Amino acid sequence: MNRSEILKTVNEVFIDILDDESLVLTEETSANDVEDWDSLNHIQIVVAVEKQFKIRFTSQEILSWKTVGEMISSISSKLN
Amino acid sequence: MKTLSQLKKNLKNSFSDLKPVKVALLGDSATQLLSVSLRGAGFDLGFDLQIWEADFNQIERQVFDPASELYEFKPEIVILFQSSHKLLQKYNKLNPEACDTLADQQLELITSLDTAISAGLNCRIIYYNYTEINDSVFGSYANKTSSSFLFQTRKLNYELMRYAASQPGFFICDLSAIQNQFGKATLFHPSVYISTDMVLSIDILPQVAAGTTALIAAMYGKIKKCLVFDLDNTIWGGIIGDDGLAHIQLGSLGIGKAFTEFQYWLKKLKNRGIILAVCSKNTESVAKEAFEKHPDMILKPEDIATFTANWENKVDNLRKIQNTLNIGFDSMVFLDDSPFERNMVREHIPDLTIPELPEDPADYLEYLYSLNLFETASFTNEDAERTKHYQTAAKRITEQQSFVNENDFLKSLNMVSVTESFNNFNIPRIAQLSQRSNQFNLRTIRYTEAALEKLIYSPGTFTFSFTLEDKFGDNGLICAVILEKESVDTLFIDTWLMSCRVLKRGMENFVLNTLINFAKAKGFKYLKGEYLPTAKNQIVKDHYKNLGFFEKDAYWIADVNTYKTKDIFINYK
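Taken in sequence, the protein lines are chains G and Z. Last residue of the first sequence? That's 80 in our numbering, and every number before it is there in order. Last residue of the second sequence? That's 573 in our numbering, and every number before it is there in order.
The set of hints was computed from the structure by calculation and includes no laboratory data. It is possible that part of the hints are untrue.
With a straight-line Cα cutoff of 27 Å, these simulated DSS-like cross-link-like pairs (lysine-lysine) come out [unchecked claim]: (1) Lys51(G) to Lys9(Z); (2) Lys267(Z) to Lys288(Z); (3) Lys8(Z) to Lys54(G); (4) Lys388(Z) to Lys525(Z); (5) Lys51(G) to Lys225(Z); (6) Lys485(Z) to Lys388(Z); (7) Lys520(Z) to Lys566(Z); (8) Lys51(G) to Lys184(Z); (9) Lys225(Z) to Lys471(Z); (10) Lys74(Z) to Lys22(Z); (11) Lys320(Z) to Lys8(G); (12) Lys54(G) to Lys225(Z); (13) Lys66(G) to Lys8(Z); (14) Lys51(G) to Lys22(Z); (15) Lys504(Z) to Lys528(Z); (16) Lys74(Z) to Lys8(G); (17) Lys525(Z) to Lys564(Z); (18) Lys22(Z) to Lys288(Z); (19) Lys155(Z) to Lys90(Z); (20) Lys78(G) to Lys184(Z); (21) Lys552(Z) to Lys573(Z); (22) Lys184(Z) to Lys300(Z); (23) Lys54(G) to Lys267(Z); (24) Lys2(Z) to Lys51(G); (25) Lys300(Z) to Lys8(G); (26) Lys485(Z) to Lys395(Z); (27) Lys90(Z) to Lys74(Z); (28) Lys2(Z) to Lys54(G); (29) Lys388(Z) to Lys268(Z); (30) Lys320(Z) to Lys395(Z).
Stretch-level coverage of chain G by chain Z, calculated; a stretch enters the list once three of its residues show a Cβ under 8 Å from a Cβ in chain Z [claimed, not checked]: (31) 21 to 28; (32) 66 to 79.
Note that the coordinates shown come from a computational prediction; the quantities given were computed from them, not determined experimentally. Each residue gets a CB set at the ideal place from its N, CA and C atoms; glycine is no exception.
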């Protein structure tokens with residue numbers, strides 16, 4: 001799975017959790033750019049992404065991402 | 001079971017028609033998502049849980065400071081969530097020689113929290129017990145070592161049960177049982193815990209919310225009172241009409257074992273106070289013969305409150321059963337192995353709870369355990385006697401049909417009533433009636449045991465409880481009235497509630513005579529009543545009017561001195 005495919009899937013997870021059909025993510029998107037992406041929703045997104053890709057993040061990773069791109073890097077490193 | 005996301009979507013609905021309940025949530029871990037889950041799960045049960053969440057890790061400050069936001073909020077329910085992880089941190093800091101005092105210390109803290117909250121608030125407390133963390137320092141030898149964390153955790157959970165058993169307003173939500181059912185790997189998500197201090201995983205939150213809100217719903221009278229079940233392939237294997245009495249499957253062999261164990265479960269429910277009723281497509285004599293003669297039947301004829309076996313459709317039969325028992329469909333559960341029957345009944349009686357029994361009878365019990373259908377907030381001696389009450393009610397109906405004149409019938413019943421004020425012996429039952437009575441309840445004010453105890457010593461408050469016994473049996477305590485002195489000449493009827501099982505027996509007249517005599521003796525001139533309508537108390541809409549009260553400014557007044565004593569067929573015992 002390449003980065004753009006991962007982004008597409010991650011985008012779907014965000015739409016589902018944040019209940020916002022219009023949401024379009026890029027690798028540069030950060031929590032500041034998405035209104036509902038607060039710490040509570042973050043943890044739900046993390047768990048939903050873990051389920052979607054059948055992976056587990058480390059607690060370090062969960063705390064470290066500043067952008068969607070960094071999350072995708074974590075996912076990508078676990079898938080490949 | 002809904003997911004957290006689905007529960008969250010509930011929050012967008014309108015809560016305006018739902019029953020509001022103020023809930024305070026205090027935890028020593030991050031509880032924001034628990035709060036969201038509780039509100040979402042409450043919606044599905046018809047509650048508007050108005051949750052105030054204490055700031056993180058503020059339990060002691062909120063509880064021990066009488067001027068805190070907790071007391072200002074005046075919740076009806078306080079949920080305390082002290083996690084095993086925080087308990088483990090406490091344990092880790094103890095000197096090795098003090099490790100075996102952890103449970104006692106913690107219980108002492110919980111007791112003082114409970115005492116402080118109960119002194120400052122008129123509320124119930126829900127406390128999550130402790131999930132087990134096996135730190136594997138001793139291996140299985142922990143069970144032989146009182147200073148091990150596992151030993152202390154289990155001891156604490158046991159002591160909590162003992163404590164809860166002695167405190168009517170203190171309830172345990174069994175988080176430990178949830179972990180046992182779903183496993184620690186599901187309940188606890190370590191990376192989420194480390195990064196957010198949440199000790200409950202996203203996946204388990206709906207389960208915990210379901211357990212908690214079921215308890216809250218039970219506290220407010222939303223409980224199942226009756227279980228109606230089919231016979232063939234539901235409580236025994238095979239079809240008795242085709243296979244014959246000797247060939248139905250029951251007992252210790254093969255699939256018979258599943259049905260026998262299932263019947264034991266039904267019997268335990270009956271002993272707990274759930275009314276059992278049969279609704280089956282069968283020839284009545286054939287079906288009854290099994291209850292009377294089959295040696296492996298666990299359920300006996302006397303366990304069944306009402307027995308319906310015929311060839312009419314189940315929807316009509318269920319309506320008849322509901323009519324006989326005089327309880328709402330929303331407090332009934334229907335078990336049937338046939339998906340066709342289930343769907344047909346579901347379509348016509350949407351309020352009835354109809355579990356999707358698994359295809360394999362071996363799975364019945366585990367499936368039904370997981371639904372937690374029979375949550376309750378009380379258990380009294382009355383409960384164990386309930387089936388008998390409904391059976392005598394059925395007998396009474398049969399006898400009534402032989403009398404032309406209703407008064408003659410009532411006279412023949414030889415009814416007697418014990419009338420007394422509230423006291424420590426009758427308060428548990430009165431509290432239960434107060435929580436459960438929906439139909440014959442003029443103002444539907446719910447009282448807890450603790451609140452009722454306060455009434456005993458409250459000047460200007462007068463309490464009455466009534467039992468009713470007749471030649472068929474003792475109905476137990478079936479009516480409670482609370483009068484408040486409103487002015488020098490007026491007594492206000494704050495509460496008048498009655499169990500529907502004694503309707504049409506002249507009990508209302510007997511109670512009113514008692515109240516009038518009391519008011520007269522105390523020098524009051526008026527009794528003042530009020531009817532507050534709810535979705536369920538239509539039957540008492542004209543209660544005061546029928547008793548001869550006159551209407552004044554939306555209240556109902558009876559003049560004590562011109563009141564004409566009503567004819568009754570009940571004597572004081």
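CA of Lys267(Z) to CA of Lys288(Z), is that 27 Å or under?
-> holds (17 Å)
When you check the alpha-carbon spacing of Lys520(Z) and Lys566(Z), does it fall within 27 Å?
-> Holds, at roughly 15 Å.
Would you mind confirming whether the straight-line C-alpha gap from Lys525(Z) to Lys564(Z) stays at or under 27 Å?
-> This hinted pair holds, its Cα atoms lying about 14 Å apart.
Given the hint that Lys2(Z) pairs with Lys51(G), test it: the Cα-Cα distance must not exceed 27 Å.
-> Answer holds: Lys2(Z) to Lys51(G) is near 16 Å, not above 27 Å.
Restraint status (C-alpha distance of Lys225(Z) to Lys471(Z) at most 27 Å) = Given that 27 Å is the threshold and the Cα spacing comes to 25 Å, the pair holds.
If you draw a straight line from the CA of Lys22(Z) to the CA of Lys288(Z), is it 27 Å or shorter?
-> Violated - the C-alpha atoms of Lys288(Z) and Lys22(Z) are around 49 Å apart, more than 27 Å.
Would the pair Lys320(Z) and Lys395(Z) pass a check requiring their Cα atoms to be no farther apart than 27 Å?
-> holds (16 Å)
For the pair supplied as a hint, Lys320(Z) and Lys8(G), is the alpha-carbon distance within the 27 Å limit?
-> Violated. Lys320(Z) to Lys8(G) sits at ~57 Å, over the 27 Å cutoff.
Hint consistency between Lys51(G) and Lys22(Z) [alpha-carbon to alpha-carbon, up to 27 Å] = With a Cα-Cα distance of about 35 Å, the restraint between Lys51(G) and Lys22(Z) is violated, given a limit of 27 Å.
Quickly compare the C-alpha distance for Lys388(Z) and Lys268(Z) to 27 Å and report which way the hint goes.
-> holds (15 Å)
Straight-line alpha-carbon gap Lys66(G) to Lys8(Z), limit 27 Å = holds (25 Å)
Take the C-alpha atoms of Lys51(G) and Lys184(Z), compute the straight-line distance between them, and say whether it is at most 27 Å.
-> Answer holds: Lys51(G) to Lys184(Z) is near 17 Å, not above 27 Å.
Hints 4, 5, 6, 11, 12, 14, 16, 18, 21, 22, 23, 25, 26, 27, 31, 32 from the list above are not met by this structure, while the remaining hints are.
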